[in-house]
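Quick note: the sequence shown uses this note's numbering, first residue 65, plus one each step.
Hints in this document: simulated from the structure, not taken from any laboratory.
Heads up, some of the hints might be wrong.
[Unchecked claim] Beta-carbon label-pair distances, calculated as ranges:
#, residue 1, residue 2, range
1, 200, 304, 39 to 45 angstroms
2, 225, 263, 15 to 21 angstroms
3, 148, 238, 35 to 41 angstroms
4, 252, 293, 15 to 21 angstroms
5, 113, 221, 41 to 47 angstroms
[Stated by the list, open to error] Calculated lysine to aspartate or glutamate pairs in the DMTMM-like style (CA-CA distance at most 25 angstroms, straight line):
#, residue 1, residue 2
6, 153, 119
7, 252, 274
8, 153, 97
Just so it is clear, the structure is predicted and the values come from calculations on it, not from any experiment.
Beta carbons are placed, not taken as given, at the ideal position from N, Cα and C, and that holds for glycine.
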Amino acid sequence: MKIMSYNILEGGNLSKGDRTDLLIDIIRTSAPDILGLNECRGFADDDEARLRLFERELGMTGLLNESASGNHIAILFRPDLPVVERSGKSISMYNGYARITLQTEIGSLAVVATHLHPFASVLRVGEAQIIAARAAAADSAIVMGDMNSVAPGDAEGLELADAPRTMTERMRGADGGIDTDVISVLLKRGYTDLGAKGSTPTYPTPLSREKSDPIVRLDYMLATALVAERCRDFQVVGGEPGLRASDHLPIVAEIDLPVVGQ
65 MKIMSYNILE GGNLSKGDRT DLLIDIIRTS APDILGLNEC RGFADDDEAR
115 LRLFERELGM TGLLNESASG NHIAILFRPD LPVVERSGKS ISMYNGYARI
165 TLQTEIGSLA VVATHLHPFA SVLRVGEAQI IAARAAAADS AIVMGDMNSV
215 APGDAEGLEL ADAPRTMTER MRGADGGIDT DVISVLLKRG YTDLGAKGST
265 PTYPTPLSRE KSDPIVRLDY MLATALVAER CRDFQVVGGE PGLRASDHLP
315 IVAEIDLPVV GQ
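Let's have the full structure, built from the sequences with the hints guiding it.
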């Protein structure tokens, strides 16, 4: 099973130009079975016409969580996957989450896509606790998305002195240091950070107004123990197309996890 998470920046077609074809090509090349999308601005308009466009182009079925922030969250998945539950919420969260549950050979698996609060570390921590609770309804879980936070292992030696205040302020915790509490919430609940080994930065690309080179990892995929031990590969999808498509680079995990009921 291949799972992908991607912050597509303002729905892929607003202030930074229409990048729809480029985004779809990047996703299609990775060929995910399950895809989480952040910042799906405009996807709810015209009876979810833009969501339907991505579904058609990718051959997937989609679920959209509408958020008051306008940065909606979507999960798309192969229509032949045995998805037994789909849901989404934004109550008490800035952007909310979207969740699907499917049956696998290790039991039920919740896949939760989220995009945590961009401005306040304290609120991010609360949102991470909500996500952990929502994921706990299944036997195993994968949590993925733009966490707007840094993993504890990434913070040591991280220099943000040259970054603009818009970036440094939102990445600081309540104590003024770099916020690592959000990822810690999930690590302390038994999740494994699938991208920790390479710790490859995902944000920002030259498309961002904040800085021209990727310097931090904000996009994560975390999994409970039985899922994490089956992860065969994890990659940040870079290259020139990715640098032009969004201010974030997508992440992809390949997990040896056969599903039940296909």
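Query - Unsatisfied constraints (hint numbers, rising) - result: 7
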